[in-house]
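*Asks:* Got chain A; can you put chain B on it based on the hints?
Each chain is listed here by its residues.
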Amino acid sequence: MINRVLRGRMAMPALIVLALVVLCAVLAPLLAPFDPNAQDLLTRLSPPQWTGGHLLGTDNLGRDVLSRLIYGARISLFVGLAVALISGTIGALIGIVAGYRGGWADRVLMRLADVQLAFPAILLALAVVAFLGNGLWVVIIVLGVTNWVSYARVTRSSVLSLRERDYVLEARAIGVGPATIMRRHLLPNVLASLITIAALNVASAIVVESALSFLGLGVPADIPTWGSMLADGQLYLGTSWWIAVFPGLALMLTALSINITGDAVRDAVDPRAYR
Amino acid sequence: MTDVMADPAAIPTTALWRSGGARTLNIGRAVLGKVVSAVIVLFIVATVAFLLVRISGDPLALLLPPDATQEQADQLAAQLGLNQPLLLQYLHYLGGLLHGDLGRSIFFDQPVVSLIGERLPATALLAVTAIVLSLVISLPAGILASVHRGRLTDTVISGIVLIGQSTPAFWIGIVFILLFAVRLRVLPAAGYGSAAHLVLPAVTLAIYSIAVVARVLRTSLADELSADYIRTATAKGLSRGQVVLGHGLRNASLPVVTVVGLELGSLLGGAILTEQVFSWPGIGRLTVEAISNRDFALVQGAVLFFALVFVVVNLLVDLSYTLLDPRVRLGR
Chain A
1 MINRVLRGRM
11 AMPALIVLAL
21 VVLCAVLAPL
31 LAPFDPNAQD
41 LLTRLSPPQW
51 TGGHLLGTDN
61 LGRDVLSRLI
71 YGARISLFVG
81 LAVALISGTI
91 GALIGIVAGY
101 RGGWADRVLM
111 RLADVQLAFP
121 AILLALAVVA
131 FLGNGLWVVI
141 IVLGVTNWVS
151 YARVTRSSVL
161 SLRERDYVLE
171 ARAIGVGPAT
181 IMRRHLLPNV
191 LASLITIAAL
201 NVASAIVVES
211 ALSFLGLGVP
221 ADIPTWGSML
231 ADGQLYLGTS
241 WWIAVFPGLA
251 LMLTALSINI
261 TGDAVRDAVD
271 PRAYR
Chain B
1 MTDVMADPAA
11 IPTTALWRSG
21 GARTLNIGRA
31 VLGKVVSAVI
41 VLFIVATVAF
51 LLVRISGDPL
61 ALLLPPDATQ
71 EQADQLAAQL
81 GLNQPLLLQY
91 LHYLGGLLHG
101 DLGRSIFFDQ
111 PVVSLIGERL
121 PATALLAVTA
131 IVLSLVISLP
141 AGILASVHRG
151 RLTDTVISGI
161 VLIGQSTPAF
171 WIGIVFILLF
181 AVRLRVLPAA
191 GYGSAAHLVL
201 PAVTLAIYSI
211 AVVARVLRTS
221 LADELSADYI
231 RTATAKGLSR
241 GQVVLGHGLR
251 NASLPVVTVV
261 GLELGSLLGG
271 AILTEQVFSW
281 PGIGRLTVEA
291 ISNRDFALVQ
301 GAVLFFALVF
311 VVVNLLVDLS
321 YTLLDPRVRL
331 GR
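Protein sequences appear in the order of chains A and B. Per my numbering, residue 1 is the first one in the first sequence, and the count goes up by one each step. Per my numbering, residue 1 is the first one in the second sequence, and the count goes up by one each step.
It is worth saying that the hints were derived from the structure and are not from the lab. Positions of the beta carbon are idealized from the N, C-alpha and C atoms, including for glycine. Misleading hints may appear alongside valid ones.
A short, non-exhaustive set of chain A residues, derived as facing chain B with CB atoms under 10 Å [what the hints assert, rightly or not]: (1) ARG111; (2) ASN189; (3) LEU215; (4) LEU237.
Keeping only pairs whose Cα atoms sit at most 25 Å apart, straight-line, the calculated SDA-like set for lysine to any residue is [to be verified]: (5) LYS236(B) to GLY100(B); (6) LYS34(B) to ALA46(B); (7) LYS34(B) to ALA192(A); (8) LYS34(B) to SER193(A); (9) LYS34(B) to GLY100(B); (10) LYS34(B) to ARG165(A); (11) LYS34(B) to SER157(A).
Bound-form chain A, shown alone (with noise of 0.2 Å):
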């Protein structure tokens, strides 16, 4: 029970850092005491400071680590929403056909279902990025089109009981096509659940492009991520710790709320949910 209490407590600190990151992205140019990628070698590698303006120092080559860490929010934000309504979109398509139809679409689309849960998405995201080239895209779509599993299964059997709800069967003898059936009646029912796994999703999403664009894999350089910020840090980390430590937190308090929120969502979706 504490636990739930302790849940509930931290449910408005995640969602108010939440806030606070959405905010940041959204107003990046307004909030930014300095262009991203302005370039200062004089002041490089100062360390955080009050006063002289860099609030959380500079990096190696001088750039304001708050401005970046600032407009690195847009794209970890950016990312995660688009990946979670690419597999959120898939993963309903598939897991409401599948569900619907059933026999032999049914049969296809699980046996799909196991073979991509059998080969593991950073490692494809390694390959398609390394032989076709990084870029924001490529890193979106590649997470996109492998995280729909969850989504395809709690839809698929959420759909194998609605199936046979009055509604529906009713439905079906006055003539309404599968597909109405399905966008009217099958979707907003499992829009709850699936808006749960979209939270969590776009956690993970944001931690996996950090740890790409980390390996230089992930967003080109010219643009400020906290993953690319994280790897610009570890080479200074002798000399000048805050340049990986605060982009790391940043993402760490970030993924966190998420979490949290996500499972808050959960919990008020579904209460019975055993946590």
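*Replies:* Just chain B now, kept in the frame of chain A:
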């Protein structure tokens, strides 16, 4: 990686019987079925790797150094069979795979298989240490949290697990370097060779799976501990330890094994990142080097190798259900 955050605990134990028909098969045919689907997955991975090299442009342009002459190009094309029709190339490639031939690395000028073989011990050492470490920590943590469910111990452990699951392991590695190598100077920041070199990478790699295993074990053991047979066992006078470890844990281990198998993908990804952070000379670092060198035969080989490990471990996980759960064996 796919389902990192998608609550592993929510995966029902019936996921074991994913291929619905397997339920009614006897154990021999079930094993055969698993092996066949593992082979199919590997075949698909191999095909994807083959196609990726082809659709990314002229493989010759990728495989040759930029200053190669036309003559060299023709020679390599003939040597690799690239002047043959695509289907024939594909069959040739698959035939090579069956003989353990993964091609030749352009950058190192060595067979890919021997390069991977050279780096395998380092990666295996790191992975095995991390897995042992992770089990040594996560099993007691998960058991404690579920036995003391709802109390302070549980809250603390669950909190740590939540943070551990949300923090990218490679960043934890960087913080470790900062603390233990740069500040305290007690452990080396990078390199390979001694036990001291192994500590930070192994702990870093272990953290993620510690969080996942502890979390799933806590949930599934807590479920088991509220079951009737536990009350019966307690009523007939067994000690709490015997009840939890002897009865509950065995039944609770099933979802844990499932999740460990599925999470292996993130463990492999984590190994690539950890090796990169600590300059650990394993296959993960080799892969990243290969990507930046545009050494495509090596990337392709490494991808196939990781997929092979993943598929084989998941096959073993699938088969271990029959040992852990008699219902699977009896086909109920």
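*Asks:* If a hint holds in the structure, say so; if it doesn't, say that too.
*Replies:* Status of the hints after comparison with the structure:
Interface hint at ARG111(A): satisfied, since its Cβ lies 8 Å from the closest Cβ of chain B, which is below the 10 Å cut-off. Given hint, ASN189(A) at the interface with chain B, is violated; its Cβ is 19 Å from that chain's nearest Cβ, farther than 10 Å. At about 6 Å, the closest approach between the beta carbon of LEU215(A) and any beta carbon in chain B falls short of 10 Å, and the interface hint on this residue holds. This hint holds: LEU237(A) has a C-beta 6 Å from the nearest C-beta of chain B, less than the 10 Å allowed.
This hinted pair does not check out: LYS236(B) and GLY100(B) have alpha carbons roughly 57 Å apart, beyond 25 Å. Only pairs whose Cα atoms come within 25 Å are accepted, and LYS34(B) paired with ALA46(B) is accepted, the gap being roughly 18 Å. Taking the CA atoms of LYS34(B) and ALA192(A), the gap is near 34 Å; set against the 25 Å cutoff, the hint is violated. For the suggested pair LYS34(B) and SER193(A), the alpha carbons sit about 31 Å apart, so the restraint of at most 25 Å is broken.
Distance restraint check for LYS34(B) and GLY100(B): the Cα-Cα separation of roughly 22 Å lies within the 25 Å cut-off, and the hinted pair is therefore satisfied. A threshold of 25 Å between alpha carbons decides the hint, and for LYS34(B) with ARG165(A) the separation of about 36 Å lies outside it, so the pair is violated. For a cut-off of 25 Å, the pair hint linking LYS34(B) to SER157(A) stands: about 23 Å separates their Cα positions.
The structure is inconsistent with the numbered hints 2, 5, 7, 8, 10, although it conforms to all the rest.
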